[in-house]
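Protein chains in written order, with the working numbering: chain A, 1 to 187; chain B, 1001 to 1137; chain C, 2001 to 2294.
Among the hints, a few may not be true.
[To be verified] Here are the simulated lysine to aspartate or glutamate pairs, EDC-like style, with alpha carbons at most 16 Å apart:
(1) A/Lys166 - C/Glu2025
(2) B/Lys1070 - C/Glu2100
(3) C/Lys2203 - A/Glu147
(4) C/Lys2203 - A/Asp106
(5) B/Lys1038 - A/Glu10
(6) B/Lys1070 - C/Glu2277
(7) A/Lys101 - B/Glu1090
(8) B/Lys1114 - B/Glu1032
(9) A/Lys171 - C/Glu2107
(10) A/Lys157 - C/Glu2277
(11) A/Lys178 - C/Glu2107
(12) A/Lys171 - C/Asp2109
(13) B/Lys1073 - C/Glu2100
(14) B/Lys1073 - C/Asp2097
(15) A/Lys168 - C/Glu2277
Hint data in this document are derived by calculation from the structure and do not stem from the laboratory.
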Amino acid sequence: MADTITFSQEISNLMYAAHGSPLNNCIQCGTCSGTCPAVEFMDQTPRRLIGMINADLKEDVLDANTSWVCASCYHCTVRCPAKIDIAGAMYAVKRYSIWNKTYSDDLVGPVFSETFMKTIVRSGRSYEPILAPTYIFGFGAKEFFQEVQGATKMMLKGRIPVLPSKIKRLKNFQSMIKHIIPMGEEE
Amino acid sequence: MDPRKRILIIDDDPDYVDGMKAILEKADYEVEAAYNPKDGFKALESKPYDLLLLDIMMGRGAEGVMVARKINKDPELRKIPVLIITGIREQMAFLFPGQPVHPRFLPTDELLEKPVDPNLLLEKVSALLKMAEEKEA
Amino acid sequence: MKKYAYFPGCSLEKMALSYHKSSLETTKALGVELEELDDWNCCGATTYFHLDEILANTLVARNLAIAEKEGLDFVAPCSACYKNAYFTNTYMKEDEDLAEHINFALEADDLQLEGNMTVHHLIDIFANEIGADGIKEKVSVPLEGLRIAPYYGCQIVRPRKNGEEVEAPEFFEEILTALGAEAVDYTNKTRCCGGSLLLTNRKAALDMIRILLYDAVQSGTDVIATACPLCQVNLEAYQTQVNEEFGTDFSVPVLYFTQLVGLALGIAPKKLGIGMELVSTLPVLSQFIAKEAR
């Protein structure tokens, strides 16, 4: 048994196919970065990020916004010649940063995810208006106005729900969640 | 005198593992570590351990619960005492703010929350080992 | 008549109501029955997986188990729902421990999942179960002269599920041609629309939308067809913001493929939710809609 593990192994351990597509198979070809539709908005390209993970540059990896800019479109995953699930690795980095609270405060992604999950645990369904405050206050005045304008148009067309919907067997649903995440008051 | 007691840690956080290992080795336990549930289970099946220290949030999610349940179903492995050491309340605080970890769906002998006080850890470890020995006898 | 368990997903309750309506109308007309799942829950979209993949799989498994109880195969009109359902179903079959654990949780709702059913995206029912020929037979108002850009987006074809064509799929084009329309050939038909980045990284998302709109319009598109509520909202509802941000003047209608199928089958536009869009479709569609129905 190994004495300790590298950051690359830590990330691999978070991936579903932990032993299927190890990140260190990466040949640094750059197909992922060339494919990525959001690459321009990333601090580090996917290729560089994987290189940095493999070089154990933990802090730099967690400082980069890359995983949070990933839109999970899996274009890199299907093209990777080394068969690495790169979008999966981005999820793993996100999970790492949420579990260890290492993400920076100006990112909307983590708060959005957490609020989304909370809504679903509470009602069984998602509800757009509850989610809005997680991102809309991060916007500048112009974007804020645009968003409200857009929402108003949608509302006029009857496309925004007024009330959140709830599933019928909510109690069973919430108990099901407790079987997986053993938290909460005793029933 | 008994041979040294052998402890297995299954935890994905290498820093935490290092810390616990140092505390336990100093108290003369033999300590091994696995950093994901798959390797951890393989280790459990490969040789006998006297105690398991188990994390909850690992891999895809709360996999520690899966491991604990699987051990509990195995007639041999279930004899090993399990001490859960978890930071789940911190990690999932946004979902269940202020709420406790409840053991209803989590077969385990004891539970400690991170950060763990070294003395408390040693106390629990030795109590669990003693309990297991008494059960055996 | 083949019957499926239909999982509309949260978006179709309201934001994409027209997709919901047109899906039910067109499948009925083509001899397929969609039975809405009883008491379905949110599948977690794309956001659960950061936090806890096992919980995400459990939420999806509940919906699958409700379908299995009915003895029906599973169909989802939203690409993200479909991707989640497909992979949960696969993992449940591949990973014994995961299946055991999730079934333990499902007991809380008196459910169990064997994973014996198949999981489909709605467009797969049109492309393969009904087939282009099956659609063509029922077309009464051919959409002649209408240039439609098939927008696949990402999660229908990616990640690869069953050895299918991921680089240059053609099944969407085949459906559109069966309607008598012309399928526009453009480069970015499987490029991502930005998905939920619109909320978390607006700058990136607006740019991604701009590139898609530009490509489609440049290639002579009258209307873009989508098969996912998130794609539809991103491409349509955010055109104004793209225009403000980049000084462009896009005004291209974006419809669900089921709405276009419905028109060609002669179904009344109102029943298909036509009229709920933000970019008017009247200029391009009026010739296919009877005067009294406009």
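Status of the hints after comparison with the structure:
no.	hint	result
1	A/Lys166 - C/Glu2025	violated (26 Å)
2	B/Lys1070 - C/Glu2100	holds (9 Å)
3	C/Lys2203 - A/Glu147	holds (13 Å)
4	C/Lys2203 - A/Asp106	holds (14 Å)
5	B/Lys1038 - A/Glu10	holds (13 Å)
6	B/Lys1070 - C/Glu2277	violated (52 Å)
7	A/Lys101 - B/Glu1090	holds (9 Å)
8	B/Lys1114 - B/Glu1032	violated (19 Å)
9	A/Lys171 - C/Glu2107	holds (13 Å)
10	A/Lys157 - C/Glu2277	holds (7 Å)
11	A/Lys178 - C/Glu2107	holds (12 Å)
12	A/Lys171 - C/Asp2109	holds (9 Å)
13	B/Lys1073 - C/Glu2100	holds (11 Å)
14	B/Lys1073 - C/Asp2097	holds (12 Å)
15	A/Lys168 - C/Glu2277	violated (31 Å)
The structure is inconsistent with the numbered hints 1, 6, 8 and 15, although it conforms to all the rest.
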